[in-house]
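S.K.: Every letter in the sequence shown is one number past the one before it in full-length UniProt numbering, and letter 188, counting from 1, is 188.
No lab work stands behind these hints: they were computed from the structure. In this text, all values refer to a predicted model and were calculated from it rather than measured experimentally. Be aware that a few hints might be false.
[As the list claims (entries may be wrong)] With beta-carbon atoms standing in for the labels, derived distance ranges:
| hint | residue 1 | residue 2 | range |
| --- | --- | --- | --- |
| 1 | S47 | S163 | 41 to 51 angstroms |
| 2 | S162 | G227 | 20 to 30 angstroms |
| 3 | A197 | G170 | 15 to 25 angstroms |
| 4 | A39 | G186 | 28 to 38 angstroms |
| 5 | P76 | A168 | 47 to 57 angstroms |
| 6 | P76 | Q158 | 44 to 54 angstroms |
| 7 | G227 | D136 | 14 to 24 angstroms |
| 8 | S41 | S94 | 26 to 36 angstroms |
The beta-carbon is built from N, C-alpha and C at its ideal position, and this holds for glycine as well.
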Amino acid sequence: MFSTDAIMRRGTIVLACALGLGGAAIAQTIVVKSTGPSAKSYPVGKSLAPGAKIVLAKGDSLTVLDSRGTRTLSGPGNFGAEASSATANQSFASLVATQNRRRARTGAVRTLGQRVLPPSLWFVDIERGATFCVADATAVQLWRPDMQQAATLTITDQGGKSSNIAFAMGQNNVPWPAATLPIADGHSYTLSGAGLAKPVKLRFAMLGTPVTDPVATYTALDGKGCGDQRDLLITATSTDETRS
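Using the sequences and the hints given, assemble the complete structure.
M.R.: Structure representation (structure tokens):
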């Protein structure tokens, strides 16, 4: 059984995350990647208490996310769970900004291996399927990594209604056609054309109240099954690797 005090403390932490208050009041650190001998001690998803010490052995690599962004720690060595910098990660603020952007250049985005990533968490990569999380339905953009040619994308909803979207040459992103195909939680769509090798299945999941703290955002994305956006968050907010 949990005590009343323990339940109240847990509720306070959840509320703070939902409101994006992950800074000075309640600092949260979560493990987002773990390899090496100590991986069992630091499984993905593990929450590290404020002030906790991370002890890594030779061959360990641990990636943690806190209110200031993502850090990769390499063993052997002892590390603090929280970043020493008091400066918030500006990449995160840019990544989650919901103002509409007319055009994004591929040279300004990050890559994951050989794959080019969108510059915003709210840009739907038309080449990727699965579930896409939405914080603000008016901010969703359709994004393509290759802007060398003009192209037309066809979107068909689960009821069979379609809308054609045109990409001009040199244009990476266009707004989602909300007037003809409104975004709704759990609704599915099929994307075709625009140079796609085969139709792409897309499903939307609403996040509810927008979150602005990296840890709360990661947790919300992971909980909704939005793996591509979760991975983009980790990559885009990463700092230089820290070694002992």
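S.K.: Quick one: which hint numbers does this structure break? Sort them smallest to largest.
M.R.: none
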